[in-house]
Amino acid sequence: MRTKTVAKRCVASLCLLLSLLASAQEVSTVNYRQVPAPNDRLHEQTVGDVRVATAVPSAKEAQEIFGVNLYKNNVQPVWVEVENLGDKTLFLMSAGLDAAYYTSLETANRGFSWKAISDQALDRKYDEQTMGLSVAAGNTRSGYIFSRVDEGTKSFNVDVFAVGEVEYRMTFFVPVPGLRLDHYEIDISSIYGEDDIVDVDRDGLVAALEAMPCCVTDKKGENTGDPLNLVFISDIEDLHYAFLRASWDETETIYGSSLMKMGVSSLAGSEYRYSPVSALYVFGRGQDAALQRARSTINERNHLRIWITPLRFEGKPVWIGQISRDIGVRFTSKTVTTHKIDPDVDETREFLIEDLAYSQGLRKFGYVRGVGAAPFAAPRGNLTGDPWFTDGLRAVIWISDEPVSISEIDVVDLGSAPSDSPTAKPAP
Amino acid sequence: MPPIHRLPSITAAACFLLALLAGCATQSFVDPVVDSASFLARQVTQTDGPVTVRVAVPDAAETQSLFGLPLYKQNVQPVWLKIENKGTGPVRLAIWSIDPDYFSPLEVAWMNRGGYDKDGKAAMEQWFYENGISRRVEPGKTQSGFVFTNLKPGTKGFNVDVFSSDTAFSFTFFVPMPGFTPDYMQVDMQNLYADSEITNLSSVGAIRQAVESLPSYTTDSSASMQGGPFNVVLVGTGMAVRRAILRAGWLETEAGSSETNAARRQHYRGRPPDGVFHKVRADGSERRELRLWLTPMTASDDKLWVGQVTGDLSDTTKDPGDYLPDPDIDNTRGYLFQNFWYSQSVTQVAFAKGAEASTADNQSESFSGASFFTDGLRAVLWISEDPVGLDDATLLPWEIPVRE
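Taken in sequence, the protein lines are chains A and B. The working numbering applies: residue 17 is where the first sequence begins, and numbers increase by one. The working numbering applies: residue 304 is where the second sequence begins, and numbers increase by one.
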């Protein structure tokens, strides 16, 4: 033990010395404790002088490694390995991965009753598994960062800084087994054959979008519901990434167990972020993907459903979609419970534009007609009887494949603007 | 499944009972009169180029009397805005910038639909719809209305971003709330030190030396017993530090509040903290506390603040009286340093020597009885008044924390 402490101090003073001689740092070996990866689903990136490998254990794997159900306590361990290929000490920022990450002792405390935390051996076990802040030049270090749970695809940044203004930033998207996601159930690429695809120019795009159905329908196509007030121009991967970056969650396909989870969570007011959404129809088929953005309770969330269209603009697929803001639960005769939506669907549409803009996924946007205006005083209704009113426009949103600063977003004139609408909100 | 079927009838019965008891469902809605509301006297104005933004925030009682609704109890805090556009083109307000999880006007109306008759409900919906602020302001026009934000105790701090076709106008507001005096407002910072006591540090080297010669630990009130280490130093103006703290999501503590009892036992130069701030998770657990004192040192316009950041591991949602100080205090220091960096408040960061190093096997103890272990370093953060991009902050090569 004594020897170990001395060794630690030697390492510390060596690093101190190195840092003081910052201009002449040398590579030396530090005996970091290496933590093995939880599985072989490694995702690896190398940027500049740093190689980063990550892996995310599923709930079951985490249970096996840590002996407790961490996921149940809203803790998701993310394994990170950083190889420092340069000559400066690197700092791995846990806050970049999750701004509200858990420290090792918080994790230990969440997994066990608080009495157990006075158990120093247990504390030590968690501490030993935890990734440290610094990685000395020429060394490799691995360990866990404890984040909040994201089921489905775990998206996170790994940010590494060094002395001076040096920084390496990487984004990882790691699928985590355990959730049956609805967009994995559908093969998007097989929906249209190559002959069905129509390449359009700007005017063709506007004309085609304005001719598309106003609204979703029920399965038989007999009754119309919520307005289709969104259009996305994007590859599927970029669309997926942009929404994950903006904290939208994927949706679990409806199975018996997820309906139970939702019933319980809705009544108890707790947050079940991946609850399934029911199908609405466009082009005679249910949504190709559904996403949701949870707020403080399940009753307060935003739902988004999208369908791919046969259109292609500037080489990118064109999607049409519908968004609604749940503002409460209503009991109806048609379904056991359904969500009351905000009737001001334009407000929800504009929220989405801002949400994508602030998460830097939006390149440009504009508006086309196609929904048909419905004023506040004469609203239309959705399939569960909720009213909605609108200026009648669809927002056309170009998703970016790289982060776009909010001041760089362009507004495109597609011939319509919300202020032109006869049903635009009056000035108070 | 049975509970789901039963609930509507229970709800209906409860509503019926409530209606009988309170005579509700018969009320009409009286339009709030905003123009003469007293809280507007506290409005704060900022101008950037052609855009002028005025904001005011009613407190709980003012909100109740203005709307006739207990919005604060529903975690809803209305923020009133007036935006004037003197430019040549339209501008757009990004409501998201004020609170990404804002409540829409009709959502607030829906939350409060109970108790009104049909016409009352319709009138209320219409009023909320028309008085939620519009995003678009035409050139030469002024637009006013409410944004319904999540309630935050204490000074209301928020951003307002307004965009024209080619420029972004960004504002940060701190709106004092009546009835809440933050602890630091009761300290006369201007007169804590005589001019002759103040040392100006003219170089980064001098700052390092000064930081390393600050006392290692807090003391008890008689300065006879040793407390926890000073593990943070902030370099910045009072305004910059305050903005950084709010931007990073920490909350002020109210002067005289019992929640700072433990903090106020810690002393620097014979006095308790000049300001105590705290941060908890969304679920109310794992409280962190930052205790700050002004030192008699300055670096041009900046002041040096010495501090102590500590963590409480207890899950106060399960046991509100629980208190479990985190012995691994470097973890909390690491959190603070990243939290300020990621909220875009720091220009430079360094680690400097401070307390004696101790280990998990051989922990140190504070006079309060709390044990802790640390590498002995203190984080030094240079705080900016304006947001700093993540990649524009610099890490100085002083000391490097190494934890095996």
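Everything labelled a hint here was simulated from the structure, so no lab data went into it. Where a beta carbon is used, it is the ideal one built from N, C-alpha and C, also for glycine. Please note that the accuracy of each hint is not assured.
Only pairs whose alpha carbons sit at most 30 Å apart, straight line, appear in this in silico BS3-like list of lysine-lysine [what the hints assert, rightly or not]:
#1 B/K606 with B/K376
#2 A/K141 with B/K582
#3 A/K141 with B/K424
#4 B/K385 with B/K424
#5 B/K656 with A/K88
#6 B/K444 with A/K88
#7 A/K380 with B/K376
#8 A/K88 with A/K235
#9 B/K389 with A/K380
#10 B/K444 with A/K380
#11 B/K606 with B/K582
Label-pair ranges, simulated between beta-carbon atoms [said to hold, decoys possible]:
#12 A/V63 with B/V336: 28 to 38 Å
#13 B/A497 with A/N85: 58 to 68 Å
#14 A/N90 with B/Q429: 53 to 63 Å
#15 B/D523 with A/N90: 51 to 61 Å
Cβ-to-Cβ under 7 Å is the rule here; a few derived chain A residues that face chain B [stated by the list, open to error]:
#16 E99
#17 D103
#18 M109
#19 Q145
#20 S171
#21 N173
#22 M186
#23 T187
#24 G344
#25 P359
#26 E370
Here is what the structure says about each hint:
1. B/K606 with B/K376: violated, 39 Å
2. A/K141 with B/K582: Holds. A/K141 to B/K582 sits at ~27 Å (cutoff 30 Å).
3. A/K141 with B/K424: violated, 58 Å
4. B/K385 with B/K424: holds, 27 Å
5. B/K656 with A/K88: violated, 40 Å
6. B/K444 with A/K88: violated, 52 Å
7. A/K380 with B/K376: violated, 39 Å
8. A/K88 with A/K235: At roughly 36 Å apart (the allowed maximum being 30 Å), A/K235 and A/K88 break the hint.
9. B/K389 with A/K380: holds, 25 Å
10. B/K444 with A/K380: holds, 26 Å
11. B/K606 with B/K582: holds, 23 Å
12. A/V63 with B/V336: 28 to 38 Å: violated, 58 Å
13. B/A497 with A/N85: 58 to 68 Å: Once the Cβ atoms are compared, 59 Å apart, the range 58 to 68 Å for A/N85 and B/A497 holds.
14. A/N90 with B/Q429: 53 to 63 Å: About 41 Å separates the Cβ atoms of A/N90 and B/Q429, which means 53 to 63 Å is violated.
15. B/D523 with A/N90: 51 to 61 Å: violated, 38 Å
16. E99: Status violated, d = 17 Å.
17. D103: violated, 12 Å
18. M109: holds, 5 Å
19. Q145: Check failed: Cβ of A/Q145 comes no nearer than 13 Å to chain B, outside 7 Å.
20. S171: violated, 17 Å
21. N173: violated, 10 Å
22. M186: With a closest approach of 13 Å, the A/M186 hint is violated.
23. T187: violated, 13 Å
24. G344: holds, 5 Å
25. P359: At 6 Å from the nearest chain B Cβ, A/P359 passes the 7 Å test, so the hint holds.
26. E370: With Cβ-Cβ at 4 Å, under 7 Å, it holds.
Checked against the numbered hints above, the structure breaks hints 1, 3, 5, 6, 7, 8, 12, 14, 15, 16, 17, 19, 20, 21, 22, 23 and satisfies the rest.
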